[in-house]
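**Q** Line order of the protein sequences matches chains C and Z. Heads up, the first sequence is in full-length UniProt numbering, so the first residue is 1 and it goes up one at a time. Heads up, the second sequence is in full-length UniProt numbering, so the first residue is 1 and it goes up one at a time.
Derived from the structure by calculation, the hints contain no laboratory data. A few of these clues could be false.
What the hints assert, rightly or not - Derived DSS-like pairs: lysine-lysine, alpha-carbon spacing no greater than 27 angstroms straight-line:
(1) Z:Lys273 to Z:Lys255
(2) C:Lys208 to Z:Lys201
(3) Z:Lys201 to C:Lys53
(4) C:Lys53 to C:Lys208
(5) Z:Lys301 to C:Lys208
(6) Z:Lys201 to C:Lys127
(7) C:Lys98 to C:Lys127
(8) C:Lys53 to Z:Lys255
(9) Z:Lys195 to C:Lys196
(10) Z:Lys301 to C:Lys53
(11) Z:Lys294 to C:Lys208
(12) C:Lys98 to Z:Lys301
(13) C:Lys196 to Z:Lys201
(14) Z:Lys194 to C:Lys196
(15) Z:Lys255 to C:Lys187
(16) Z:Lys301 to C:Lys187
(17) Z:Lys294 to Z:Lys273
Here the structure is a predicted model, which means the values were calculated and not measured.
Residues per chain, in single letters:
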Amino acid sequence: MNLLLQETPKIVVTSEDWESKLSDVEILIEDMNRLVMNLLVAEGYREAAEKFKEESITMPEEDLASMNERLEVIKAIESRNLEDAIEKLNALNPEIIKTSFHLHQQMLIELIREKKTEEAVAFAQEKLAPLAEENEALQRELEKTVCILVTEGLPNCPSRELFHNSQWIRTASHVNEAIHTSQTGEKGPELERLLKELIWTQNQLDEKTVYVYPRMNDFSTGQLIYRPE
Amino acid sequence: MEENEEEEELRPTALYTVGGSDEFTFVSPDGLSGQYTGPDHDGVVLQTENPAPTNCLAYYFEVHIMNAGEKGEIAIGFSKEHIYSEGYTVRSCAYIGNSGLICSQNGDGDRTVAKASDTYTTGDLVGCGIDSVSQEFFFTKNGTIVGTIPRQFRRPVYPTIVLHSQNEAVTVNFGGQIAFSFDFEHFEESLRVKKEREIEKISMSRSISHGLVKTYLLRYGYEDSFRAFNLAASRHTVIAQENSFDEYELHQRKKLRELIMTAEIDDAIAALKDRYPQLIEGGSEAYFLLICQKIVELVRKGAIAEAKSFGNQDFKDFRDSSLLKNLFDDCSALFECETIEESGAAYLLGETQKNIVAAAVSEAILSTNPATRDQQSASLERVLRQFEATCSLYARE
Chain C
1 MNLLLQETPK IVVTSEDWES KLSDVEILIE DMNRLVMNLL VAEGYREAAE KFKEESITMP
61 EEDLASMNER LEVIKAIESR NLEDAIEKLN ALNPEIIKTS FHLHQQMLIE LIREKKTEEA
121 VAFAQEKLAP LAEENEALQR ELEKTVCILV TEGLPNCPSR ELFHNSQWIR TASHVNEAIH
181 TSQTGEKGPE LERLLKELIW TQNQLDEKTV YVYPRMNDFS TGQLIYRPE
Chain Z
1 MEENEEEEEL RPTALYTVGG SDEFTFVSPD GLSGQYTGPD HDGVVLQTEN PAPTNCLAYY
61 FEVHIMNAGE KGEIAIGFSK EHIYSEGYTV RSCAYIGNSG LICSQNGDGD RTVAKASDTY
121 TTGDLVGCGI DSVSQEFFFT KNGTIVGTIP RQFRRPVYPT IVLHSQNEAV TVNFGGQIAF
181 SFDFEHFEES LRVKKEREIE KISMSRSISH GLVKTYLLRY GYEDSFRAFN LAASRHTVIA
241 QENSFDEYEL HQRKKLRELI MTAEIDDAIA ALKDRYPQLI EGGSEAYFLL ICQKIVELVR
301 KGAIAEAKSF GNQDFKDFRD SSLLKNLFDD CSALFECETI EESGAAYLLG ETQKNIVAAA
361 VSEAILSTNP ATRDQQSASL ERVLRQFEAT CSLYARE
């Protein structure tokens, strides 16, 4: 039991007070434009970034031309051309080939698709398992992938989605993030990190402080609600 | 988001007496040492002049026990208020020398005692800090954490030392000049990593950030960006149908944005008059911003006389708003001062101001849509406001 919640009376921030607090926050249009541009560049939407640069006079933090090599790798993955992607990635940053769980996962899926079962088992043990160590989410992904080896013939194989095109898109997205992080030191778009930090801060306020305040759960509408006691 | 530039918080730098037997207390001129020479039952409370800062993940100070005195009853910690009561401050937490207990009381008579830790005595270095990630007070002895206790009272909190028995003497280190015995930098870094990990673990669908960006691009009339992003992102995210994006007058808003960004203000005003006369007749804020932008563009071209005559028109309706009056005064200052720099209104000549005007015009046009007239500010803007407000509330808790 959290002693803080147990022994300290709650302080309710009224909707009116909170709305007044919100309207006191100064949000600059250039900050919003910068966040949008950062997302477009980080996620590799070069054409949209170029249009946005023209329309909003917002300068990207990196030269848009420098995105080309990254986008070539992504294009190769989305076109299901793993060999070409690895070749291009090797020229760009060979370290990512060694450390990317998702790229290795895609290689494993391809081995399974080609019915190279023994090779797939060895690959999963030697290459993929070490990359998933100490990461629960990746371990679950690994289990899900290895699961295909056992259930692949079944009509309702739970891991069947790994054979869909969406898996290539997911892999491309992870590799894109890995390349972008290696080039800029940023982990994904700033906006995404900010949204996660907002969730974290709201959770902290709920769990570890005396405040009852209007919480934002739905970011698409920006609607505020009081968390039920 | 960049932090709003706030004044730097004052940090604790010195101790002074807030209660107890003044006549038996010595505090050094620099406020970094204190000694109590009076009888055992009295004691003295020393507290800092400023509270612990709130704009950091952790705060820490350290105390060198120069003399544990007769009974070694020194208490080191934080307290909420400058109130002294029978040798203890209310709403306080403390690590006590001779018992090794860590106590906390919240001011409502509730007292929490953590399990006994090490005792401390003459020669020991004892530290006390606030961990804002776990919302705990933590205590150290000779560089090692010896205990923690949940924080039961709100900020501001002041570093506090209570000297209870005869000849107890301490010297305090608030950091900076002399290194701590506890590796506080490493501790702070580990908190940063812990917070980052917790944040990273939060799973979030890409469609959320994509939805915010699409709404934003639409709202402010960035049509080409919206179309390019929509096309590229549609392969990666599926956004729920209820979030379908309203393209109300998007092309018109894009055209007006272009006219404003290329300084063709007359054409923008004409287009607004032609298509949205209600915004002109009703004297909307967007129309006023366009008029100000017209003055700015005339000044930029050096047409000062024309700018003056344009600025002398009757804008009484607009000047009722203090915000708009300030803007109008800045516009006027552009042609009334010898140099633009002197006017303090040079900001009006930048691209940012054009963006602000274009955004206001786009929002004004959106307000003419009967279907969404009561809509709140753009979701992205609202999310950022919530972010700033919750961070500020959490920091000050």
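**Q** Now, for every hint given, state plainly whether the structure supports it.
**A** Now the hints, each set against the structure:
1. Z:Lys273 to Z:Lys255: Holds. Lys273 of chain Z to Lys255 of chain Z sits at ~14 angstroms (cutoff 27 angstroms).
2. C:Lys208 to Z:Lys201: The given pair, whose Cα atoms are some 19 angstroms apart, holds under the 27 angstroms limit.
3. Z:Lys201 to C:Lys53: violated, 32 angstroms
4. C:Lys53 to C:Lys208: The hint is violated at about 42 angstroms.
5. Z:Lys301 to C:Lys208: violated, 58 angstroms
6. Z:Lys201 to C:Lys127: Within the cut-off at roughly 24 angstroms; holds.
7. C:Lys98 to C:Lys127: holds, 9 angstroms
8. C:Lys53 to Z:Lys255: Measuring from Cα to Cα gives roughly 16 angstroms; hence the hint holds.
9. Z:Lys195 to C:Lys196: holds, 11 angstroms
10. Z:Lys301 to C:Lys53: Satisfied, since the Cα-Cα distance of roughly 25 angstroms is no more than 27 angstroms.
11. Z:Lys294 to C:Lys208: The given pair, whose Cα atoms are some 52 angstroms apart, is violated under the 27 angstroms limit.
12. C:Lys98 to Z:Lys301: Not satisfied, since the Cα-Cα distance of roughly 59 angstroms exceeds 27 angstroms.
13. C:Lys196 to Z:Lys201: Status holds; Cα separation ~9 angstroms.
14. Z:Lys194 to C:Lys196: Since the Cα atoms of Lys194 of chain Z and Lys196 of chain C sit roughly 14 angstroms apart, the hinted pair holds (cutoff 27 angstroms).
15. Z:Lys255 to C:Lys187: Violated. Lys255 of chain Z to Lys187 of chain C sits at ~36 angstroms, over the 27 angstroms cutoff.
16. Z:Lys301 to C:Lys187: The given pair, whose Cα atoms are some 45 angstroms apart, is violated under the 27 angstroms limit.
17. Z:Lys294 to Z:Lys273: holds, 15 angstroms
Violated hints, listed in ascending order, are 3, 4, 5, 11, 12, 15, 16; each of the other numbered hints is respected by the structure.
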